[in-house]
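Number of protein chains: 2
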Amino acid sequence: MPAMPVEFWFEFASTYSYLAAQRIESLARPAGIPVIWRPFLLGPVFLSLGWNDSPFNIYPPKGRYMWRDLARLCAKYGLPFRVPSQFPRNGLHAARVTLAAANEPWLPDFVRAVLRANFGEDRDISQPAVIQEILSELGVAPELWLEGATREEIKTALRRQTERATELGIFGAPTFLVGSEMFWGNDRLEDALAWAIQPQPPG
Amino acid sequence: MPAMPVEFWFEFASTYSYLAAQRIESLARPAGIPVIWRPFLLGPVFLSLGWNDSPFNIYPPKGRYMWRDLARLCAKYGLPFRVPSQFPRNGLHAARVTLAAANEPWLPDFVRAVLRANFGEDRDISQPAVIQEILSELGVAPELWLEGATREEIKTALRRQTERATELGIFGAPTFLVGSEMFWGNDRLEDALAWAIQPQPPG
Numbered sequence: 016m017p018a019m020p021v022e023f024w025f026e027f028a029s030t031y032s033y034l035a036a037q038r039i040e041s042l043a044r045p046a047g048i049p050v051i052w053r054p055f056l057l058g059p060v061f062l063s064l065g066w067n068d069s070p071f072n073i074y075p076p077k078g079r080y081m082w083r084d085l086a087r088l089c090a091k092y093g094l095p096f097r098v099p100s101q102f103p104r105n106g107l108h109a110a111r112v113t114l115a116a117a118n119e120p121w122l123p124d125f126v127r128a129v130l131r132a133n134f135g136e137d138r139d140i141s142q143p144a145v146i147q148e149i150l151s152e153l154g155v156a157p158e159l160w161l162e163g164a165t166r167e168e169i170k171t172a173l174r175r176q177t178e179r180a181t182e183l184g185i186f187g188a189p190t191f192l193v194g195s196e197m198f199w200g201n202d203r204l205e206d207a208l209a210w211a212i213q214p215q216p217p218g
Numbered sequence: 016m017p018a019m020p021v022e023f024w025f026e027f028a029s030t031y032s033y034l035a036a037q038r039i040e041s042l043a044r045p046a047g048i049p050v051i052w053r054p055f056l057l058g059p060v061f062l063s064l065g066w067n068d069s070p071f072n073i074y075p076p077k078g079r080y081m082w083r084d085l086a087r088l089c090a091k092y093g094l095p096f097r098v099p100s101q102f103p104r105n106g107l108h109a110a111r112v113t114l115a116a117a118n119e120p121w122l123p124d125f126v127r128a129v130l131r132a133n134f135g136e137d138r139d140i141s142q143p144a145v146i147q148e149i150l151s152e153l154g155v156a157p158e159l160w161l162e163g164a165t166r167e168e169i170k171t172a173l174r175r176q177t178e179r180a181t182e183l184g185i186f187g188a189p190t191f192l193v194g195s196e197m198f199w200g201n202d203r204l205e206d207a208l209a210w211a212i213q214p215q216p217p218g
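From first to last, the protein sequence lines are chains P and X. Going from the first sequence to our numbering is simple: count from 1 and add 15. Going from the second sequence to our numbering is simple: count from 1 and add 15.
Possibly wrong hints are sitting among the right ones.
Remember, identical chains collapse to one label, so a pair may be satisfied in a single copy or spanning two.
[What the hints assert, rightly or not] For lysine to aspartate or glutamate, the following EDC-like pairs were computed, each having C-alpha atoms within a straight-line distance of at most 20 Å:
#, residue 1, residue 2
1, Lys91, Glu40
2, Lys77, Asp206
3, Lys170, Glu158
4, Lys77, Glu196
5, Lys170, Glu182
6, Lys91, Glu196
7, Lys170, Glu119
8, Lys77, Glu178
9, Lys91, Glu205
10, Lys91, Glu136
11, Lys77, Asp202
12, Lys77, Glu182
13, Lys77, Glu22
14, Lys91, Asp206
Bear in mind the hints are in silico, worked out from the structure with no lab data behind them.
Let's have the full structure, built from the sequences with the hints guiding it.
Written out as structure tokens, the structure is:
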């Protein structure tokens, strides 16, 4: 039975999206599971739940715990980590570039590099200049892709994808979709991949 | 180096406390890790965060996802599961009995039985009559322990323990404490136990 594709819904401002983005391909590829990268914006999703900021900022005990948890998990996974001097940072430009470059072979590298810049290097990924630097570091034409990301069809595509997230019942990031089966959080990455190989109804 | 004890902070109304309670001893015992059972009430903790109900009820997309996630995880762990006809159910009486019976050898069995009654058998654990049935099923004197649970010192101890949860920065259940290191959620049980054996600062 061929593996089902896994849709990886993520946001560049999301700490646990950082962990999942660094891990997903190395786990999915050996199992022959296709990964579909789905950037979206958490802001409108959170607004639909009544939050005008990250819940990690709205609820300080959750936030304090999250940063400690993230430090521990980055140590466990061997990922660079620095508490960012701003949180959350607007992932709009990075998300638009991701949609514009959907078919480029360097796309996963770009996503990982932006998330690492945000949470491993404390760089301000909300700034087009930083996205431009990252594109340059990947060896792709930064002006071309930044320019392409401002096209009206790309702006519309990101709005639609964010609306779709809410319609699907997504309430946080990362979220993995395998067919209609939803898995929330970096902690569920392994379960999502297992589902893609052998869907099983719960007992 | 001897293992550090793990404090298991749980609430009888908490779905993921059900999973952790069924799993913790079988993982901790072979590793020689002592488990300290810490019942508390999430209601006052949630109120301090501005929630007058379970966040799974306040935020419907989170709630819908949680029930599906719980069904999948119960299937994975081989635990009985039925969506309860009431949620959340008040864990006050069960928590008081747990504190009164802190030194009894049947305490872990009691905690597991009450959580299984709530989430595996759809029994109304908020009712003293149901707690009495569960104590009887365990072969311990139900009237004695229900009576003991109404002592003023037990009521006070549960209030203090719940206040202590907020002071410690606990914002949900289950939470595991290993020394001052906090781990939140059934998903972190393995990490908490690993920390108890070999404390490691993050890299």
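Taking the hints in turn, this is what the structure says about them:
For the homomeric pair Lys91 and Glu40, the shortest alpha-carbon distance inside one copy (18 Å) is at most 20 Å, but the shortest distance between copies (24 Å) is not. Proximity of Lys77 to Asp206 under the C-alpha cut-off of 20 Å is restricted to the inter-copy arrangement: shortest distance 18 Å between copies versus 24 Å within a copy. In this homomeric assembly, Lys170 and Glu158 come within 20 Å of each other (Cα to Cα) only inside a single copy, at 17 Å, whereas the closest approach across copies is 67 Å. When the C-alpha separation of Lys77 and Glu196 is checked against a cutoff of 20 Å, the pair qualifies only between copies, where the shortest distance is 14 Å, while the shortest distance within a copy is 27 Å.
In this homomeric assembly, Lys170 and Glu182 come within 20 Å of each other (Cα to Cα) only inside a single copy, at 19 Å, whereas the closest approach across copies is 45 Å. For a Cα distance limit of 20 Å, the shortest separation of Lys91 from Glu196 across copies, 15 Å, qualifies, whereas the shortest one inside one copy, 28 Å, does not. In the homo-oligomer, the alpha carbons of Lys170 and Glu119 lie at most 20 Å apart inside one protomer (18 Å), although the nearest pairing across protomers, at 63 Å, exceeds that limit. Taking identical chains as interchangeable, the C-alpha atoms of Lys77 and Glu178 lie at most 20 Å apart only when they sit on different chains, with a minimum of 17 Å there against 26 Å within one chain.
Proximity of Lys91 and Glu205 under a CA criterion of 20 Å is satisfied in both settings, with 16 Å inside one chain copy and 13 Å between copies. Taking identical chains as interchangeable, the C-alpha atoms of Lys91 and Glu136 lie at most 20 Å apart only when both belong to the same chain, with a minimum of 18 Å there against 38 Å between chains. Proximity of Lys77 and Asp202 under a CA criterion of 20 Å is satisfied in both settings, with 17 Å inside one chain copy and 16 Å between copies. Only between protomers do Lys77 and Glu182 lie at most 20 Å apart by alpha-carbon distance; the minimum there is 13 Å, versus 26 Å within a single protomer.
In this assembly of identical chains, the alpha carbons of Lys77 and Glu22 lie at most 20 Å apart only when taken from different copies (19 Å versus 27 Å within one copy). For the homomeric pair Lys91 and Asp206, the shortest alpha-carbon distances inside one copy (19 Å) and between copies (10 Å) are both at most 20 Å.
Consistency with the previously given hints is maintained throughout, with no hint failing.
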